[in-house]
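A.B. asks: Sequence:
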Amino acid sequence: MTIHLQIPDDAAAALRRAWGDNLDRAALEALVMEGYRAGKLGIGTVRRLLGFDSRYETEEWLGSRGVHWNYGLDDLEADRRTLDRVFGDRHS
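Heads up, the sequence shown is in our numbering, so the first residue is 16 and it goes up one at a time.
Just to be clear, a hint being listed does not mean it is correct.
[Stated by the list, open to error] Cβ pair distances, simulated, as ranges:
#, residue 1, residue 2, range
1, A27, V101, 48 to 54 Å
2, D25, R80, 22 to 28 Å
3, G35, V101, 42 to 48 Å
4, R52, I18, 17 to 23 Å
5, R70, V101, 15 to 21 Å
6, H19, Y71, 32 to 38 Å
7, A41, R100, 38 to 44 Å
8, G66, V101, 26 to 32 Å
9, I18, V82, 18 to 24 Å
10, D94, A45, 28 to 34 Å
11, A33, Y71, 24 to 30 Å
12, E74, F102, 21 to 27 Å
[Unchecked claim] SDA-like mimics (lysine to any residue), calculated; alpha carbons at most 25 Å apart, straight line:
#, residue 1, residue 2
13, K55, A28
14, K55, G87
15, K55, D39
16, K55, S79
By construction, these hints were calculated from the structure, which means they are not laboratory data.
All values reported here derive from a predicted model rather than from experimental measurement.
Ideal Cβ positions, reconstructed from N, Cα and C, are used throughout, including at glycine.
Please model the complete structure; the sequences and the hints are all you need to start from.
C.D. replies: Written out as structure tokens, the structure is:
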């Protein structure tokens, strides 16, 4: 998908000064980051959209930008159930 934006020249110059010449990439990163922060995109989608090779690389990228990992109590419980299923319930 391609998205076209109309940005006045003076605003485009200010954006380039702030984020460099590759505004396409900067816009994609900002959109993906906000989508993840809002809980609309998962870590796998972020990885794929930004072209990272691993989940760890993606988590590092998000963390370096102050975006916290979307991992709540429900995720923890789901992971615990998975580990119990794979390794047996060792909590008893």
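A.B. asks: Now tell me, hint by hint, if it's right for this structure.
C.D. replies: Okay, the hints, checked on the actual structure:
Checked against the given bound of 48 to 54 Å, the beta carbons of A27 and V101, roughly 52 Å apart, stay inside it. A C-beta distance of roughly 27 Å is found between D25 and R80, which places it inside the suggested range of 22 to 28 Å. A hinted range of 42 to 48 Å holds for the C-beta pair G35 and V101, which are about 45 Å apart. The supplied range of 17 to 23 Å is met by R52 and I18, whose beta-carbon atoms lie about 19 Å from each other.
Distance hint check for R70 and V101: the Cβ-Cβ separation is about 18 Å, which falls inside the suggested range of 15 to 21 Å. Checked against the hint of 32 to 38 Å, the pair H19 and Y71 passes, with Cβ atoms roughly 34 Å apart. In this structure the supplied range 38 to 44 Å holds for A41 paired with R100, their Cβ-Cβ distance being about 42 Å. The hint said 26 to 32 Å for the Cβ distance between G66 and V101, and at roughly 31 Å that hint holds.
I18 and V82 have their C-beta atoms about 22 Å apart, which keeps the hinted 18 to 24 Å range intact. Our hint of 28 to 34 Å for D94 and A45 holds, since their Cβ atoms are close to 30 Å apart. Against the hinted window of 24 to 30 Å, the Cβ-Cβ separation of A33 and Y71 comes to about 28 Å, which satisfies the hint. Range check, E74 to F102: about 24 Å between beta-carbon atoms, so the 21 to 27 Å window is met.
As the CA atoms of K55 and A28 are separated by approximately 31 Å, the hinted pair breaks the 25 Å bound. The suggested pairing of K55 with G87 holds, with an alpha-carbon distance near 15 Å, which does not exceed 25 Å. With a C-alpha separation of about 21 Å, the suggested pair K55 and D39 falls inside the 25 Å cut-off, and the hint holds. A C-alpha spacing of about 20 Å is found between K55 and S79, which places the hinted pair at or below 25 Å, so the restraint holds.
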